[in-house]
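Q: Required output: the full structure, derived from the provided sequences and hints.
Residue numbering for the sequence shown follows this note's numbering, beginning at 21 and increasing consecutively.
Please keep in mind that the hints were generated in silico from the structure rather than gathered at the bench. Here the structure is a predicted model, which is why all the values come from computation and not from measurement. Where hints are given, some of them may not hold.
Once the Cα atoms are required to be at most 25 Å apart in a straight line, the calculated DMTMM-like pairs of lysine to aspartate or glutamate come out as [claimed, not checked]:
hint, residue 1, residue 2
1, Lys-346, Glu-382
2, Lys-346, Asp-312
3, Lys-73, Glu-91
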Amino acid sequence: MTSEIDYSDARARAAPARPYGVRRHNLGLVLRHLASTGPRSRAQLAAATGLTKATVSSIVAELLDAGLVAELGVRAQGEIGRPGSVLTIDAAGSAGLGLEINVDYLAVCVIDLGRQTRFHRVDCVDNRDSPGRAIDRLAHMARTALDAAAAQGLVVSGLAVALPGVVDADGVLLHAPNLGWRDVPVADLLGARLGIEPAQVMLDNEANLAALAELWFGEGATWGDYLHVSGEIGVGAGIVSGGRVSRGARGFAGEVGHLSLDMSGPACPCGGRGCLERYCGQEAILQAAGLDPTPTTATGRPDGSLAGLLAALEAGRARPVRAVRKAGTALGRGVAGAVNLLDVETVVLGGIYSPLAPWLAEPFTEALRQHTIASSWEPIRIEISRLGPDAAVRGAAGTVTQRVLADPTSHTPLAVPGGG
Numbered sequence: 021m022t023s024e025i026d027y028s029d030a031r032a033r034a035a036p037a038r039p040y041g042v043r044r045h046n047l048g049l050v051l052r053h054l055a056s057t058g059p060r061s062r063a064q065l066a067a068a069t070g071l072t073k074a075t076v077s078s079i080v081a082e083l084l085d086a087g088l089v090a091e092l093g094v095r096a097q098g099e100i101g102r103p104g105s106v107l108t109i110d111a112a113g114s115a116g117l118g119l120e121i122n123v124d125y126l127a128v129c130v131i132d133l134g135r136q137t138r139f140h141r142v143d144c145v146d147n148r149d150s151p152g153r154a155i156d157r158l159a160h161m162a163r164t165a166l167d168a169a170a171a172q173g174l175v176v177s178g179l180a181v182a183l184p185g186v187v188d189a190d191g192v193l194l195h196a197p198n199l200g201w202r203d204v205p206v207a208d209l210l211g212a213r214l215g216i217e218p219a220q221v222m223l224d225n226e227a228n229l230a231a232l233a234e235l236w237f238g239e240g241a242t243w244g245d246y247l248h249v250s251g252e253i254g255v256g257a258g259i260v261s262g263g264r265v266s267r268g269a270r271g272f273a274g275e276v277g278h279l280s281l282d283m284s285g286p287a288c289p290c291g292g293r294g295c296l297e298r299y300c301g302q303e304a305i306l307q308a309a310g311l312d313p314t315p316t317t318a319t320g321r322p323d324g325s326l327a328g329l330l331a332a333l334e335a336g337r338a339r340p341v342r343a344v345r346k347a348g349t350a351l352g353r354g355v356a357g358a359v360n361l362l363d364v365e366t367v368v369l370g371g372i373y374s375p376l377a378p379w380l381a382e383p384f385t386e387a388l389r390q391h392t393i394a395s396s397w398e399p400i401r402i403e404i405s406r407l408g409p410d411a412a413v414r415g416a417a418g419t420v421t422q423r424v425l426a427d428p429t430s431h432t433p434l435a436v437p438g439g440g
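A: Written out as structure tokens, the structure is:
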């Protein structure tokens, strides 16, 4: 349900449109400029945006009333003339609530308009039992996050949910193979538990949101067109081209985890065989490393967790090291097919592949370059995500704040009865 809006150019000039459209555009223009450049006077804003001083004064008054900017009683640096105040983003004036449902955890975070994470929590829990129970837990976590945001004086403008599957425009999770969920009306269910309208619950694929998080909170703006490969229980990819996510005709773009490496290979929950994630997803790596990925009854989480795997790798245990290197080779072979098809400039390793990079990146890079046509004359750029496994939930929260930056008139405090 996340809309594809180009949020990137804070310097664009006002385009011809109907009066309301012009007003909305100019509000976003001024707000984005403040967000990207820092405190500025009205005169500086007028010069930078190409708007008249009178228009800027009117726009600023509206943004002040909305609580999205604040006025500082100091002269802008380097400006001459009468002392004047400068304006800055009011980071607390709008915040996004990001939620994530994945196979073995739930996550929540709150990010303010200044791109700072103000609340973050991850609960390790197996969510394959039932959609209802997982959404109950997620709603409880959302209320906790809203209470924490309110205690910090934050105004939450909306929420978005990252999901490990394909969603439609009506808020339905159509298929999440690793969760075993089909046709789950997530927006309806979560909206009912929070006492809000389903239309207020934005949904998107977790790999897409992780890729967008790199653009908004990481270094994605310097990578050109890129493929963000996110490893969890499954393997997904977000395709970013021209600052936008490419979703495909039916929303299935980026499902690299279900590219088949071996038609006679192990069965996959998607119904296929030999899918890439059967060789380099989290459970596959843990099993190959000799660590049990099955959640225990006592703790509800795997004895062989990512933390346990990292400890074994750091201790130099041979079997886990071999398992991760083998997974890196398989991942490189699979991703090479996507690179040959899409011709992206950069491949980003995210999710669990980020902390595993010291052991996984070398065999991944070798396999990728061996099987990528263009690498013979122009090596593919490979980056390790600094956001790691938190990228998707941060991307969900960022969906809200980026929407406000694109259109400040969309800013409406999220009213959840009994919370926030």
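Q: Against this structure, judge whether each hint is valid.
A: Against the structure, the hints:
no.: 1; hint: Lys-346 - Glu-382; verdict: holds (11 Å)
no.: 2; hint: Lys-346 - Asp-312; verdict: holds (18 Å)
no.: 3; hint: Lys-73 - Glu-91; verdict: holds (17 Å)
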